[in-house]
Amino acid sequence: MSTTTAPSKAPSVRPLRRLGLWWDGVVDRYNRQPLAIKIVEIFLVVALVYALPLLRPPVITTQEIDFGGVMFGCAAYALIALGLNIVIGYAGLLDLGYIGFYATGAYTVGVLTSYHWHWPFFLALPLAIAVTMVTGVILGAPTLRVRGDYLAIVTLGFGEIIRICVKNIEWLGASSGIKDIAHPNSIGGGPQPPFDRGGLFDIPRLEWNGLVPSVDHDHPTAFLSFGAIDAVPYYWLLLTALILVLVADRLIKASRVGRAWEATREDEDAAELMGVPTFKFKLLAFAMGAAIGGMSGAFYASGQSGYISPDSFLLLFSMLFVAAVIVGGAGNRWGAIAGGVLVYYLPERFREFADYRLLVFGMALTLLAVWRPQGLLPPRRARRVQRAEEEIRELEGEGATDV
Amino acid sequence: MDLGALFGSFDNFLSYTAGGLVFGAIYALIALGYTMVYGVLQLINFAHSEVFMYGTFAVAWTFIFFHGTGDATWSLGKAIPILLVALVVAMLMSAAVALLLERVAYRRLIRNNSPKLIALISAIGASFALAEAMGLRDRFAAWFGLDDDLADYVSPDKARDVYSNPVTIQPHELFTIGGYGVTDVDLVVLGAALLMMLALDQFVRRTRLGRGIRATAQDPESAALMGVNSGRVVQITFLIGGLMAGAAATLYMMKIGSTRQNAGFILGVKAFTAAVMGGIGNLRGALVGGLVLGVMENWGSAVFGQEWKDVVAFVLLVLILLVRPSGILGEALGKARA
Chain A
79 MSTTTAPSKA
89 PSVRPLRRLG
99 LWWDGVVDRY
109 NRQPLAIKIV
119 EIFLVVALVY
129 ALPLLRPPVI
139 TTQEIDFGGV
149 MFGCAAYALI
159 ALGLNIVIGY
169 AGLLDLGYIG
179 FYATGAYTVG
189 VLTSYHWHWP
199 FFLALPLAIA
209 VTMVTGVILG
219 APTLRVRGDY
229 LAIVTLGFGE
239 IIRICVKNIE
249 WLGASSGIKD
259 IAHPNSIGGG
269 PQPPFDRGGL
279 FDIPRLEWNG
289 LVPSVDHDHP
299 TAFLSFGAID
309 AVPYYWLLLT
319 ALILVLVADR
329 LIKASRVGRA
339 WEATREDEDA
349 AELMGVPTFK
359 FKLLAFAMGA
369 AIGGMSGAFY
379 ASGQSGYISP
389 DSFLLLFSML
399 FVAAVIVGGA
409 GNRWGAIAGG
419 VLVYYLPERF
429 REFADYRLLV
439 FGMALTLLAV
449 WRPQGLLPPR
459 RARRVQRAEE
469 EIRELEGEGA
479 TDV
Chain B
155 MDLGALFGSF
165 DNFLSYTAGG
175 LVFGAIYALI
185 ALGYTMVYGV
195 LQLINFAHSE
205 VFMYGTFAVA
215 WTFIFFHGTG
225 DATWSLGKAI
235 PILLVALVVA
245 MLMSAAVALL
255 LERVAYRRLI
265 RNNSPKLIAL
275 ISAIGASFAL
285 AEAMGLRDRF
295 AAWFGLDDDL
305 ADYVSPDKAR
315 DVYSNPVTIQ
325 PHELFTIGGY
335 GVTDVDLVVL
345 GAALLMMLAL
355 DQFVRRTRLG
365 RGIRATAQDP
375 ESAALMGVNS
385 GRVVQITFLI
395 GGLMAGAAAT
405 LYMMKIGSTR
415 QNAGFILGVK
425 AFTAAVMGGI
435 GNLRGALVGG
445 LVLGVMENWG
455 SAVFGQEWKD
465 VVAFVLLVLI
475 LLVRPSGILG
485 EALGKARA
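Protein chains in written order, with this note's numbering: chain A, 79 to 481; chain B, 155 to 492.
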């Protein structure tokens, strides 16, 4: 995509590239600082993100729906996108049935904490992750040997099979779903409606009148109390999980495993020749992605409403998750997070256009694939490759052939 | 599980088989679109299901145009004139959507030789956009202030609901095979599908354009050097896929009678399964795959129950990809001999 030869199309591409460069600049500037300042900055940013549903900044706060709930959804999508990014972005496997893993995690928690047994949530969570991981291995072991584009269709089928199964199996609640799923265990006493909010202590939130903030003591959030009224504690819990996964993701990507994934994605035969057992690493990526999807599903199931049904796991959401990763930039964890947040947040913020969201998503996906397949924030390596290719093309004077 | 339902009596077995064949014929016609595009470009045209869906709406619209919205039940003979018009309209509609798809979602990617996954993602996006555009057709009409004039066609506030053909075609039973009453509708569906397939098969094998398609499928570069216009071949491939999907849509509406904006999805996945089953890229394979899938699915729903029908199809797809990824008849459009 040469910018010199397509002046009419260039403006649509330029701002996106500038976004990428800007992000590079931010990362560079951050990396150049001494360690102490880095830690302080990270701490501040994390604190800000934690406090966001209480600060309720104007403009970005959703008016019609509970902002805490929206933030919870954003964090859930970010976690999913992060997991799917391992599968699509790192290992290059197109998984169109990711919702299947999400559903597996959610239903494991549902069955264990409400429908058949009454386990506490934090005991069910690791089991849900394990079950999903095993599901990922069982599904991946036979299918990862088929061609890449077939894999997409097989996973698509799997996502739909899971939904039809939970809808038709009585043991899993059939079409009426599972309700009263255990909330995470509150610390400092659970909420006792209507008067006792429980938790360790109350935190007030801000209310904005135009640009003037004031403290609103009428809607406090009880710290570490998980009830049905306030979504903010769930957001904090999920955000904590997200940060842990993010750290793990960073470590894995930088390790031998991450390099093996990258090699497999770029050229499977060459990787195999270099001694990378590609099948094993693909299976590992698939299982890890599944585990993170299952984790997100588990948090979703035990969320504010504590209710799941087969309709929460439509195949459509799989497509939205893929869209999140692709839009954000497959292979870049920050891109995936940004994509996940955008995909959830935009339709909630612009509720009046919510009917059009899938139409817009579809068109955006096509346009992105055609005009900017790397996504909004592609991994730096991809950007360097692109820049180098453009330089070569310019030197060779071939730009005009590719419009 | 109830094996007796299927194998208890030979009559049951025959009747499930015959019922499956009729649906299989429709799958086969849709599968042609997947197989042609895959044969030439090695791409999964994920949005082909929407091409089919637009065809089904074209059929319903044609009936509304000629008959109005009043519910009626006609025999096949009475409906045939409108059905023929509907066939033409649906084929044109589907072909137009297919060509649009090629232009918007694929052309640039094909020219740039982009990775296949990118093309698949582009197609997924296009599939969404097309299905949603149909589901939001009342809003679009409202933008132009036409929702009152076109109310029968865009069904304001109900654009996402099931959209039925006002004319129900009453099948007339001709004879029975093991308890399954074979109707004239069934015979027409099966016969028309076979006829279309035969015509297409001969077109690809005998005509000059068909030779171009086969040449491009075999080796695009050599074909281009031999003077085949590969861009044109790609367009024709999409055009043919669209025409066949339009025909499938007409037959589907004859048999089922109603559609909706997301009707394409499941049928599309099944048709793709059929294409893979028969050997993707192989025209005769699409027919075999479609019929086999239709029959197996019907058997499956007899044994496991109706609600597991889709699962049977998907499991079949997975099994085939694992055991024999090249399908029953083997792959490759290019290998078809003249």
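A couple of the hints might just be wrong.
[Unchecked claim] Coverage of chain A stretches by chain B, computed from C-beta distances (three or more under 8 Å per stretch; other residues unrestricted): (1) 111-121; (2) 204-214; (3) 342-348; (4) 393-405; (5) 439-447.
These aren't lab readings, by the way, just hints derived from the structure by calculation. A quick note: this is a predicted structure, and the numbers were derived from the prediction, not measured. Every residue gets a Cβ at the ideal spot worked out from N, C-alpha and C, and that includes glycine.
Status of the hints after comparison with the structure:
no.: 1; hint: 111-121; result: violated (count 0)
no.: 2; hint: 204-214; result: violated (count 0)
no.: 3; hint: 342-348; result: violated (count 0)
no.: 4; hint: 393-405; result: holds (count 5)
no.: 5; hint: 439-447; result: holds (count 9)
Consistency with the previously given hints fails for numbers 1, 2 and 3, ordered from lowest to highest.
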